[in-house]
Structure formats: structure tokens, C-alpha cells
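Between the sequences and the hints, there should be enough to build the whole structure, so can you do that?
Taken in order, these protein sequences are the chains called A and B. For the first sequence, our numbering assigns the number 511 to the last residue and increments by one with no breaks. For the second sequence, our numbering assigns the number 493 to the last residue and increments by one with no breaks.
If you are wondering where the hints come from, they were derived from the structure by calculation, not from laboratory data. Be aware that one or more of the hints could be misleading.
To be verified - Estimated spans, in silico, between C-beta atoms of each pair:
| # | chain 1 | residue 1 | chain 2 | residue 2 | range |
| --- | --- | --- | --- | --- | --- |
| 1 | A | 129 | B | 293 | 47 to 55 Å |
| 2 | B | 444 | A | 214 | 29 to 37 Å |
| 3 | A | 189 | B | 247 | 50 to 58 Å |
What you are looking at is a predicted structure, and each value in this text was computed from that prediction instead of being measured. C-beta atoms are modelled at their ideal positions from N, C-alpha and C, and glycine is treated no differently.
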Amino acid sequence: MSHPSLRIEHGRVIDPVAGLDAVQSLLIRDGKIAATGAEADAAHADAVLDAAGGLIAPGFIDLYCNLREPGNGQKGSIASETRAAVRGGYTTVCAAPDTSPVNDSSAITHLIRDVAERDAPIRVLPLGAATKNLAGELLSDMVGLSHAGCVAFSNGPAPLVNARVLRRCMAYAKTFGMTLMLHPQNRSLAADGFAHDGLVTARLGLLGIPEVAETASVMELILLAEETGVRLHLSQLSCARSVEMVGDARARGVAVTADVAMHHLVLTEEALAGFDSRFHVEPPLRSEGDRKGLIEGVRAGVIDAIVSQHQPHDPAAKNAPLGDTEPGLSSIESVLSLGLGLVERDELDLVSLVRALTAGPAGVLGLTPTGFSAGQVADLCWIDTHAIWTPGAQSLFSVGKHAPILGEPLKGLVNRVWCAGEQVYTRQD
Amino acid sequence: MMTTDASARALQLNAEGQLRHFLTIDGLDRPLLTQILDTADSFIEVGERRIKKVPLLRGRTVVNLFFESSTRTRSTFELAAKRLSADVLNLDISTSATSKGESLSDTLLNLEAMASDMFVVRHSRSGAPHFIAQSVTPGVAIINAGDGRHAHPTQAMLDMLTIRQKKQRFEGLKVAIVGDVLHSRVARSQIRALNTLGADEVRVVGPSTLLPREVESLGCKVCYDMRSGLKDIDVIIMLRLQRERMEGALLPSEREFYKVYGLNTDKLAYAKPEAIVMHPGPINRGVEIESAVADGPQSVILNQVTNGIAIRMAVMSMAMSGQRAQQGLETGVNA
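What follows is the structure, given as C-alpha cells:
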């Protein structure tokens, strides 16, 4: 099908892969990037869009997003959560495997893809369960899942506690060139904790998860990955020390990548000071030193990707004393704004932010990075970096209303999104 | 986001800075804590009358909501409410509604529908009374009777009242808190109250396994042995040790704990000669403290129990008054 060509003019165009950061035009023709700069200006376009003052970035890619379907309709659906995602500037989201039933069979993978094909405005890439039912005991049918469309394998929020199973899981994944995305946590050290073991837990008497519950696991995973040669991706790091270990491992040639959730870059343990269940997340929000270490990791490229770790919940899941609530934030709509806040406070530069939302995650998945070189599929978003919005129960598209900064004005809204050349979102105020 | 103090202050005080919930010592300033002690002092005399009642909460309904059992604390709250002439309902929630699968929010809605004025809450989860205070209808006061490892503010205040009675001051005092600080809601509240009231130094004494990480941030010094922990000390507060600490591999045995940290006559001699000995009870004799010390001349453990009623009367009457004042401010009617 042919599309009318479109020239987007006067926007600040950022493509971290091409090293592009300039105010210039962009031409989209037949669903692909046809030209940039003077060439785009000179070419005929069926339509012209003035993006003056705005930012044009590749479509964001989320490596870990809970869409809740199948099985948890009260918390969200592929339709509702991808609608929230596209509003946040995403054109691709990886669907977490901890659905109900777990995505450990080809039938579930096909179901997710079929529903996404029908209901989602953007690409949904399923993550397969690394072990059957995420129980950490038996390997899942990784080859079959891969053929069905799973792009990588994760054990969801449950760490693989049995090191022998873990080593075999890595060796098997290595055989077929698959990527394992694992959340590092030593279960016995984390025990029944749900907050960072530090200043706030000391004061509020909350059950703590020490840093070493993560760092001991990071070291174990890196050593096993080094031995097996698997492509290891460490999901949702929360400690500065973990970033150092990933950097060291990478320097000696281990194939390890890593991501961090946006809320770990902007919030600390202090967020729990009022026992606010919105900030009950897993891994927990940690110290200011950890937050700064994670940001430095993003800046230096040791952290490849920023994820939403979007976990929509129904109100009942969060309406209880803190320790009885379910972990997770409804975050995908506010990732961009929180990131722009970091840029505004000079904690992170805009190009690093865009890289961690686009080319970084593409690299982890082994995909061609989305960008603006001629011939690339047109996956992009137009962002009004100055627009103010206030996340609230009425304004969020997600079924989950427990956003990280609820009721506080945030800067930055997505005006339009194109996915595979199609305009899939237009901001409605 | 708010700091612990700011959020605690915002939740507990009305627009005029009066107490309307009592959830934690955090965020409360010295004049307010002193006011609680002074009010409690005035109630001690009520307990000595033939008819031990004042009409301050007449016609009000106080519900003791105990999600975790505690005979002593519940009894003193019940007595305190009755001495204030309130109608008292005791609910042992651990064996009723929530065990049938009802959520805490639903339980609260039902209790509010019974037109309650005050909930006294004991819960195993830190922050549960905060959650309840944020959930209930305005006008209902919440008093924390102990939540998880977080706070037990009335216990801390009765300890402060006892210290003030015996020492007449807080300035210049050195206080040691000995034992399982990690799991102790009382210790957290005591440390905060002592620092706010002007104590010179607070020490925590115990093995590393029973002290929270970053415990110094609470405003105390750490000592791992009793000799340095009790040196020049005016007040010794022994904490209760629970048997499951051994099963959780936090301690090798009760015998070893007693040997190192149990308070006996020999170790008491490290402290000042006029030092007082406190314990929130119930006491494990021969584990935390030997009988000769628990029953000895320096022990003020029974004074603590007596003071518990006066402190709870003070807090309940002040919170109810603060709620009424807030309602008056909101409606423009002088309540």
C-alpha cells in the first residue's frame, strides 16, 4: 500500500546511531525514511508538518513491559497498555512472560501475537519464559518459543535460584544464539524484604533488601555467562555497584548488557517515607548514591537501555498497608517526562536519554537500531518537550493508575507517533 | 516527595498544629511531646481517685483494632478509654474479618459505618496505622498501638514520662537501649523521643545481627559490648528478645545472649550508681535481665505500666480534641 509522503520540518532531530542532533527536515515516503536535511527540503512531499520547537526521535523500544494479557484483565490488556505505550512514544514493547498462563508455550506466544496484531497500535515482541511456569526447575521449549516469535528469554520477576539450572539454561540458550534477560536477585538474601535496606528501612522498620542481594547475583550471573558464553542481559539493575561490575565484565569481553528502570534514575528510598504503596517496586528504590551511579551508567553506555518496567495494577493491589501491596508502577506514560526532567536538571544529556530508549534496547535484542538513515522503516515520535501534563487517574491511558509522580505537573508530551510508516498516535488535549 | 518527618507531621497534626492522630514520634516537636507528658501528669491523679473517671470522651466510641494480639497494651488502652468515659469496643481482627478474606479497607468501611470516633490500631505491618489514617473518614482519630517494626509511640512516651519522673529532666541524660533493636518498634520510637526531648546521648547495645543497617542515622551511637555501652549511663532500657531470633540465625542461643547482653548485677555496676532500669515487658527473666535487677531498687518497670494508662489517656484526649478543632476549622463552626 502506498502512503502519501510527509515532510517534517524544523524539528530537532536526534538519531544517536547516526550521530545526528540538528534542527532539520525529515522526509517519510512509502513508510520509510526517504531523506533528511537539504535533500528532504528539496524533495516533493504530499504533506508538510511544522515541528518547530519540538523533538523528533526514533520510536522508543521497551525491553520489559507487563501487558497483563492473557490472564489479568483487571490489571490491563494488550490493547489498553499498548495504547498507553504509544502515548509515551513507544513503537515497540517486549511483553513480559509472567502472564497467566505464563508464556512458556508456543500457543501462548501465538495468542499474544494474534491479539497484538488485532489490538495494538505498535509492535509487541513476546519474551519467552526461560523455565517452565517460571518455576526455575525445568527449561522451557526455547527453540519452539523462538520459532513462535519470542525474541529473548526471561524468568520474569522470579530469579533462577538453582545455580545448576541457571548454568544449563545459559548453555542451552547459547547453543541457539538466544539472549537471556535475567533479573539479578539472590532470593535468600532478599528474603521477604520489599524496601532498600538503608536509611528509610532503619527509620520506618520496613523489611529490607540489601544491595548485596543484587550484587552477589550479578557476579554469579556474569561468571556463569562468561563460562557458558551466552548473551546475558541483566534486567532492572538498582545498585551503583552492579553497574561497576557490568563495566568490568564488559571490559574483559563478557557478552553482557544491562538495563535500568526509569524510576530508579529519578527516585530514591526516600519515596517510601510516607509508606506510599506506589513506590513499592521490585527491585526497591535505593540510595541517592545508587541513583547517581545508575545515571552515570546510562551516560557512559554501560547501561544499554532504560526500561519502563511498566506494571499496571488494579486499585485493590495497592490499597493496603505497604508490605501487603503488590510491587510495581504504572510507568510507561511517564518515562519520557521523567527522562526529560533528568535532562533539564543536567543529570543526563538528551542524546544519551534517546539512545537508551532506542538504539540501546534495539542492540540488546539484536535488531537494526531505529534511526533516520535513508531506507530505514519510519518508526519515530514527535515530542513537545515544553508541554505540561499532570498524571492522574483520569489522564492515564493505562488501567493502572499508580503512576510514579501522580498529581504533579511533568514536562514533555508526545504529539504524534509513526510506527512502520503509519501514524498510530495523535495527541488529543 | 516528602521526607519521613514532613509526611508524618502532615498526617498527624491539624491545621493549627494540634495532634489529631498519634502514629509515630517522627515529625512531632519538643513542645508537643512535652504537652503530652504534662497532660499525662495531670491524669495520674485520676487513677488515684475512688471514682477513676473524667468525662472527656463521653459519648465517643473507641474501637481497639488489634490485628495482632497483645493483652497488656490492649488492656491499658481499654482502661484509658474507659477512664475518659468513652464507649469501648474490642475487636480481635486476627481471628475474625481478615481471616475470612476481607480486605483491611473493607473492614474499615464496616467499622466506620458503626460511627466510631477513634481506632486504636495494633498491626504486624509497619505503616498500617498510616494507611488507616489516610483511608478513614475525616474526624476519626487513629492511635498507633504498635505497627510492625516501625513505631510504638505511646510506649515510648510512657517511658519518657517514667524517665522524667525519676530524673526530672532529659538534658544531660545518657540512655542505653539494649538488645533486639532491629525488630523493636519501641526502640525506634524511644530513640526519636529521647533526641527530640533533649537527651544528651542515646546508645544502642547489641550484636550486629540485631541492629538495623544505618542505625546511627536514627540518632544514636552503636556499642557492641555492655561495658562500653553502659559506661556513665543514667537510663538503661532493656528490650524484649523473642525466641524466633535463634531460629532465624540471628543469635546462637538465649544462653549466649544472656551471657553477653543480659543485664545482671555485675553489668549494672558499669552504669552510674543512680541509673534506672526499664523494660517494656513482658520480661524474659534470665534472658534479658536477671530477677535481682528486674525486682531491684533501680528497676522502674512497674512505674512504666502505671504510666501507660496516663499517657494513653493524654494521647486519646488530645487527638480527639485535635480532630474536633480540625472539623471546626473546616466547617467554620466552633466545635
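Determine which of the earlier numbered hints do not hold for this structure and return their numbers in increasing order.
2
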